[in-house]
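Chains A and B supply the protein sequences, listed in that same order. Residue numbers 13 to 354, in our numbering, belong to the letters of the first sequence in order. Residue numbers 13 to 354, in our numbering, belong to the letters of the second sequence in order.
Take these hints with a grain of salt, some might be off.
[To be verified] Below, in silico cross-link-like pairs of lysine to any residue (SDA-like), each with a Cα-Cα straight-line distance of 25 Å or less:
1) A:Lys222 - B:Arg160
2) A:Lys260 - B:Asn141
3) A:Lys222 - B:Gln161
4) A:Lys260 - A:Asp127
5) B:Lys81 - B:Ala40
6) B:Lys81 - B:Ala317
7) A:Lys260 - A:Ala73
8) B:Lys222 - A:Arg160
9) B:Lys81 - B:Ala137
10) A:Lys222 - B:Pro164
11) B:Lys81 - B:Asp124
12) B:Lys260 - A:Asn141
13) B:Lys222 - B:Ala38
14) A:Lys222 - A:Ile332
15) B:Lys222 - B:Glu49
16) A:Lys222 - A:Arg325
17) A:Lys222 - A:Val168
18) B:Lys260 - B:Ala354
19) A:Lys222 - A:Pro335
20) A:Lys222 - A:Ala343
21) B:Lys222 - A:Gln161
22) B:Lys81 - B:Glu347
23) B:Lys260 - B:Gly80
24) B:Lys222 - A:Pro164
If you're looking for bench data, these hints aren't it; they were derived computationally from the structure.
Protein chains: 2
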Amino acid sequence: MGQVLDRLTTVCRTNDLAPLGERLSALATLVSSDLAEIERDLLASVAPAGASERVVARGGAHLVAAGGKRLRPTCVVLAARLGGPVDDVARELAVAVELVHSATLLHDDVVDLGDARRGRPTTRALYGNSASIFAGDWLLVEALRRVRQTSPEMLVPLLDAIEQMIFAESLQLENRGRLVLDESVWRRVAEGKTASLFAWAMVAGARAGKLTQDEVAALERFGMLLGTAFQTVDDVLDFDGDPTSTGKTLFADLREGKTTYPLILAARRDAGLAAQLGAGVDDDVFAREVLEALRRTGALEEARAFARDQADRAREALSIVRPGPARDALATVLETTVARCA
Amino acid sequence: MGQVLDRLTTVCRTNDLAPLGERLSALATLVSSDLAEIERDLLASVAPAGASERVVARGGAHLVAAGGKRLRPTCVVLAARLGGPVDDVARELAVAVELVHSATLLHDDVVDLGDARRGRPTTRALYGNSASIFAGDWLLVEALRRVRQTSPEMLVPLLDAIEQMIFAESLQLENRGRLVLDESVWRRVAEGKTASLFAWAMVAGARAGKLTQDEVAALERFGMLLGTAFQTVDDVLDFDGDPTSTGKTLFADLREGKTTYPLILAARRDAGLAAQLGAGVDDDVFAREVLEALRRTGALEEARAFARDQADRAREALSIVRPGPARDALATVLETTVARCA
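Only chain A is shown next, with the shape it has when bound in the complex (with noise of 0.2 Å):
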């Protein structure tokens, strides 16, 4: 949490958020025990008794080991928070969010191809393509076996979640490379590969904190909206982060093919850029064009005022659920998420 406190302070002195900085405080206070415990059951599963030495584990661990914004987890303790104390299987449960998250980036890399990732070489990097895919299925297999053991009704439905981004991954490789401008199509890949485990975090935390069937009904629907929001904000900061604050190189996911948010908006309303487009983005020149070709047609402005407008209709979902510093709290991660790229 300290790793994830630093950042948002950063951002929110770079943006001149100072009322957020309070706030950031508070969302402090209120998690930080919980996620230090968090953390150091997390380092735990992936150090495993008699088998540290086996290649899946280091590779797992390195990848755990190099933190990560936790914002999952944090779901999880938020939603839990909101009903008292967070226990044992409200932690369990955030550990094994965060190790779902571990898993499916462990594949990614080795689809992607990615080299680097929170500032550290990949598991595929060092250990190489195989240990990647062997360690995330660990990783998927461990957090399953915590659910199972600490809350075994949340078991499908993280079965459901994890099936929901496996078909948006299968969605995003069917068309990589062709730059689907096709806003439903967009949405699918969003919900299904980031908002659903979003969803799933409030809603194993609201069960273990006992909240009531419309609080949970209203918290999955504000994790659906935050999940959202947060992979608009990703898609805005591929053409227009700080490398240095993100860990993301620039331009990542345009080289890659990939279909972002401001891409199809700027097509949109450009019809030349549309079919420039659809021909294929392989060098440098092209993605400064591409940059250029969306701050001119406004489209990084609108990606933005569409993250906010997700932030807003997350913060009304909210507004059902009990008063008190967690809700606050939530509300101040879901403007957090927003800032990152304000």
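Put chain B on the given structure of chain A with help from the hints.
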């Protein structure tokens, strides 16, 4: 089952095993209608409503539709049959075990760069590595969902078996190209990669058939020994199989730098060969020299004897199980497994 019976009948004819042929008819009579139903469910499980256009679904279906021995589902069915007619639960578990097996093949083919399997191009070769990875993830999720829904108490044991498989794959990966001629390492790989899933299949069927605790334990042991025998036979076939009936290229494991059982035995008797193997295998001439050494040292014969010994011990485990046609059929499965390399 038609396919596997045809193949086994060929084995019997080729190896002049007429009495075994008669026992195979008995086996077929016992399981063919259950296996036909399982085959239908298996194909339906990879053709999900509304997602059949996804490349993961096409990739998964391609492998599953290519057939295979269906040996693991046969184990579930026969273990359940010991207790009475095979019910929906047992059939679902049989589908699940074949889905898990298929998932591992989809990942293995990426790891091994396999281009052909079961006489057809691999999913990897047709749809790409990425599709094969995600298709494997998907089949795994589908398998776990079925087990969770029909037989939740078998889920953690299945996750345990999958973890064993992953650690064994990892161990094999770490030693790849080094031909580690250590029998204990070979055993760990064979038990983890192959035997653990056979053992799970036997326990799953036995529990579905409501057998006694002692019978369940005996059948688990049977599964481990059958699996080890199966792997030993597979290893022998890398040197001494008929590619048209095994569907495997000769010397494939050897060229991939995988330690197979006959190599360990031969190296123990021929220090020169051990040194040569340690230096790596990379041409046809050397592969033939290795084959010559295996024959000269009697290693192939000794490996066959080891497989028969495992089978004898498996038959012994079977002796405490209630007698009847299902038990006889399990003995037949054992015999045909060993007969593949007789």
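Status of the hints after comparison with the structure:
no.: 1; hint: A:Lys222 - B:Arg160; verdict: holds, 23 Å
no.: 2; hint: A:Lys260 - B:Asn141; verdict: holds, 24 Å
no.: 3; hint: A:Lys222 - B:Gln161; verdict: holds, 24 Å
no.: 4; hint: A:Lys260 - A:Asp127; verdict: holds, 11 Å
no.: 5; hint: B:Lys81 - B:Ala40; verdict: holds, 13 Å
no.: 6; hint: B:Lys81 - B:Ala317; verdict: holds, 23 Å
no.: 7; hint: A:Lys260 - A:Ala73; verdict: holds, 21 Å
no.: 8; hint: B:Lys222 - A:Arg160; verdict: holds, 23 Å
no.: 9; hint: B:Lys81 - B:Ala137; verdict: holds, 22 Å
no.: 10; hint: A:Lys222 - B:Pro164; verdict: holds, 23 Å
no.: 11; hint: B:Lys81 - B:Asp124; verdict: holds, 21 Å
no.: 12; hint: B:Lys260 - A:Asn141; verdict: holds, 24 Å
no.: 13; hint: B:Lys222 - B:Ala38; verdict: holds, 23 Å
no.: 14; hint: A:Lys222 - A:Ile332; verdict: holds, 15 Å
no.: 15; hint: B:Lys222 - B:Glu49; verdict: holds, 21 Å
no.: 16; hint: A:Lys222 - A:Arg325; verdict: holds, 24 Å
no.: 17; hint: A:Lys222 - A:Val168; verdict: holds, 19 Å
no.: 18; hint: B:Lys260 - B:Ala354; verdict: holds, 17 Å
no.: 19; hint: A:Lys222 - A:Pro335; verdict: holds, 15 Å
no.: 20; hint: A:Lys222 - A:Ala343; verdict: holds, 20 Å
no.: 21; hint: B:Lys222 - A:Gln161; verdict: holds, 24 Å
no.: 22; hint: B:Lys81 - B:Glu347; verdict: holds, 15 Å
no.: 23; hint: B:Lys260 - B:Gly80; verdict: holds, 12 Å
no.: 24; hint: B:Lys222 - A:Pro164; verdict: holds, 23 Å
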